[in-house]
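Please take these sequences and the hints and turn them into a complete structure.
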Amino acid sequence: MLRKTKMAATFTVVTLLIIVVSSGQSLLWGKALPKERQIRTLELYCMPAGEDIEEYRAAVLYANELRKLGLDVKEHPMPYAVGGDYIWRERSRWDMTAWYMTARPERSDPDELLYNGLISTTVKGGYNFYGYINPEMDRLLNAQRAETDIEKRRELIYKIQEMVADDVPVTFTVHRSENFMYNKKIWDPNSIVDQAGIGLRNYWTFVNAKPLTKTKNMIADYAEEERAINPFYISGVVDLWFVGLIFDRLMRIGPDGLPKPAAAKEVKWLDDVTLQVILREGMKFHDGKPVTAEDVKFTFKAIKSGEAPEYEPFAASIESIEVLSKDKLIFHLKAPNVAFLITSLAKISIAPKHIWEPIIEDLKKKPTEDATMIQREVPIGSGPFRFVSWRRGEEIVLEAVKDHYNAPKIDRLIFRKVSIPEVELGQLVKGEINFLSDYRGDPSALKKAAEANDSLVWKNCITLGARFFVFNLRRPPYNDKAFRKALAYVVPRKKIRDVVEHGFTTIADSFVSKALEYWHNPKLPQYEYNIEKAKEILANAGYEWDKKGRLYYPEGKKETLKPAWGP
Amino acid sequence: MNFRYFFARTIRFILSLYIVATIAFFILKLAPGSPLTQFINPYFTIKQVEILKRQFGLDKPLYIQYFRYIVSISTLKFGRSCRYKQDVAGLIADRLPNTLLLVVPTLFMTYIVGVFWGMFAAWKRGSRFEHLSILVVLTGRAAPTFWVGMMAMAVLCFKLGWFPSGGMLSPGAQFHSFWSKMFSSDFLSHLVVPLVTYLFYLIGLPFLIMRNSMLENISKDFITMHRFCGLSKRKIISRAARNSMLPVVTVIALGIGYIFEGAPLIETVFSWPGVGLLLVDAVTCRDYPLAQACFLIIAVSILFMNLLADLLYSILDPRISARRRFK
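Protein chains in written order, with the numbering used here: chain A, 3 to 569; chain B, 866 to 1192.
Treat the hints as calculated values from the structure; they're not laboratory data.
Here a beta-carbon is modelled for each residue, glycine too, at the ideal position from N, C-alpha and C.
Treat the hints with care, as some may be off.
Said to hold, decoys possible - Distance condition first, Cα-Cα at most 20 angstroms in a straight line; then the derived EDC-like pairs of lysine to aspartate or glutamate:
1) Lys306/A - Glu915/B
2) Lys1024/B - Glu424/A
3) Lys942/B - Glu371/A
4) Lys432/A - Asp924/B
5) Lys368/A - Asp924/B
6) Lys918/B - Glu92/A
Said to hold, decoys possible - Label-pair distances were calculated between CB atoms; the ranges are:
7) Gly991/B - Gly505/A: 56 to 62 angstroms
8) Glu45/A - Met1047/B: 50 to 56 angstroms
9) Gly52/A - Ala1007/B: 19 to 25 angstroms
10) Lys367/A - Ala1007/B: 39 to 45 angstroms
11) Lys306/A - Asp959/B: 29 to 35 angstroms
12) Gly1037/B - Asn408/A: 18 to 24 angstroms
13) Gly308/A - Arg874/B: 24 to 30 angstroms
14) Ser322/A - Tyr931/B: 44 to 50 angstroms
15) Asn1108/B - Ile55/A: 50 to 56 angstroms
16) Met1047/B - His504/A: 42 to 48 angstroms
17) Tyr928/B - Gly443/A: 32 to 38 angstroms
18) Ala34/A - Tyr928/B: 54 to 60 angstroms
19) Asp74/A - Phe973/B: 41 to 47 angstroms
Here it is as structure tokens:
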């Protein structure tokens, strides 16, 4: 009996001890959490150091911060041709990726990036590859397209930016900056134009640049292989500069980022879907034939016919075009689109009908060929510069058209291909080139060069392009807004700006660049680095840490590896 | 010359070419990545993906793509580049001469200078001249070409200002004919620095081979015999050198392969508009037709030089082609 009591007492004591110890342990070292609630290893895709050193370094820094939150993160560098393809095609299989946007002039209107990047219709195969779906956002995006009052439209654009900042489908790091340099003894600094979000290399600079010495040739450089000079093919970034100078457009994006009439003397909205365009008088193609409304109509029709697939989206909003006279025409749009002046009229180059019509007609009979494959030996346009010669991979020579309405002050514009930044700078200092227009190296080298030589002017310009980290909203835990917000708080933006980008850029907080002062919302939440706040957000949302500090899903959620939705 | 031997070699040449072409196809196709990524932008839609895939022939199954590829290369049409959307043959024809303009003079000079240098180094065995020569040559072989190029440019072009730093011709220069361009001072002054850089890298091979084979020959009996006969030093060197040349001749055939090895780096540093960069870009961007064509050109030139070397050997040394008869 006594024995039994003893045994029972011992058993009770031991059980109690175990309970006390185990609960003490959980009090001291955190709870033992079920394995299935532990968040899996998250993969962060980025470009390899050899392809984009800034992106790679930023990703490494960010991954380290995420580890501090208790996440197991693996950086996964992949060359663009591989990584881009994977992200684009396998929409629900990746977790996070670094991404960047280049500064194309048509992005001077906020519509392009916001609309295509955020509307739910592009989730399946378009630019909304992160899978952001929000009906209120769709409504706002369509509303801003229809708003002809620019002040009211700005309100809507502000609201869209606030919503992006609050929903955090992506988290921004920095804007990309571009660097330019020229000799102020050769070029009048007042004639070199800094276009908002584009920098010094732009239409206005090439047209206005005033030579101060006998040199009437501007020798600029480009760092990337040119592919085609074709008004119907968006072939590469540098090709578009040449196309933009040889061919004219109805509108141009002004130095302030707003549309400005060019080949059009006047544009007028008759109602919100009807636009009347009056052409300038006396315009000529470089072969002497006049530019008429028929040429304009032909160009847009050719693009709409499917023979120029890259340009087709830029003409998609056009219902029909009506030619009233030799220099007057009317665009009828399918739906209101106020960005039309920039995304269509300032984007599409006017091609001569007498040259391209037979080509387009011929192409319509060939199902596997289109206008992007046609490289004319001498591209004829009506822009301020005439094509002279082209040695592939080496140089392109253009000549000023002196009777153009924006006649350039220089005689010739020569673009030389130089792909190594140090060589570019050396050539500028030595005078082999006299306008540094495509520098992709370390800006501090330019700074030093400018300090050493008084006559060199160095300009660091914030562009329309931004870098950001993208979350795949289809996959848990990214489908949880609180989780994304916490992740936004640990982006080391200042470190990225000061260390990775050497301090020559600005922190980004929106798809709309800070260079676009009119459209950028100045009152957006900044998500300044704050790991305590991030932990607090996670704790409030129910996330827990185990004794080793690893992060677990809130109660009731399990790690499944399957996307919450999508293919 | 034995015709059966010639025939057998040619068949083997064609067979190797087929195998190389097949490898070139699959190695690129099976590597991850796609040529479509360069078209990604906010307006890139599903419809556009389909159009581009159709244009590039990527919508068809792999075996049909392979079949089409074999047919197209056997008719010497390499198809259309995904990035340039131009005929690959035309793109290469535009750029290949530029590479040859750089490489052919370089190879000539490399082998002439290398052979003579190696010859004298061997003759002056153990001298300070030999030690210094080997040091210079090995440095050239070991130093990264792009670094040497940058240094040469920094000194010769930027610091001293003797030569222009990039391109093949001065900005805006135009010439009436190919020959007037080739012999213009403008072109030649652009050629000097890349040529010297390239030569510095390539010279190691002929120099070392010539030196070693020369050392071997010098110690042979026939040279001792010549010495006993009282031949002049010049004559002895020239007889030893003639016998030492054979291995160098073999290496020249293989040296064609080096055209594409160093060319992309030299071409990048000196902004030389050659074919090397075209190949590098084509591979990184998965421009299949262009990359395949570049591979094939390299393969054909190496295989062809090998074939030529084999056939030449059979003339020089009858034992090779007649092997069977003596078995």
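Hint-by-hint comparison with the structure:
| no. | hint | in the structure |
| --- | --- | --- |
| 1 | Lys306/A - Glu915/B | 17 angstroms, holds |
| 2 | Lys1024/B - Glu424/A | 14 angstroms, holds |
| 3 | Lys942/B - Glu371/A | 16 angstroms, holds |
| 4 | Lys432/A - Asp924/B | 51 angstroms, violated |
| 5 | Lys368/A - Asp924/B | 18 angstroms, holds |
| 6 | Lys918/B - Glu92/A | 17 angstroms, holds |
| 7 | Gly991/B - Gly505/A: 56 to 62 angstroms | 57 angstroms, holds |
| 8 | Glu45/A - Met1047/B: 50 to 56 angstroms | 54 angstroms, holds |
| 9 | Gly52/A - Ala1007/B: 19 to 25 angstroms | 22 angstroms, holds |
| 10 | Lys367/A - Ala1007/B: 39 to 45 angstroms | 59 angstroms, violated |
| 11 | Lys306/A - Asp959/B: 29 to 35 angstroms | 33 angstroms, holds |
| 12 | Gly1037/B - Asn408/A: 18 to 24 angstroms | 23 angstroms, holds |
| 13 | Gly308/A - Arg874/B: 24 to 30 angstroms | 52 angstroms, violated |
| 14 | Ser322/A - Tyr931/B: 44 to 50 angstroms | 46 angstroms, holds |
| 15 | Asn1108/B - Ile55/A: 50 to 56 angstroms | 53 angstroms, holds |
| 16 | Met1047/B - His504/A: 42 to 48 angstroms | 44 angstroms, holds |
| 17 | Tyr928/B - Gly443/A: 32 to 38 angstroms | 46 angstroms, violated |
| 18 | Ala34/A - Tyr928/B: 54 to 60 angstroms | 55 angstroms, holds |
| 19 | Asp74/A - Phe973/B: 41 to 47 angstroms | 59 angstroms, violated |
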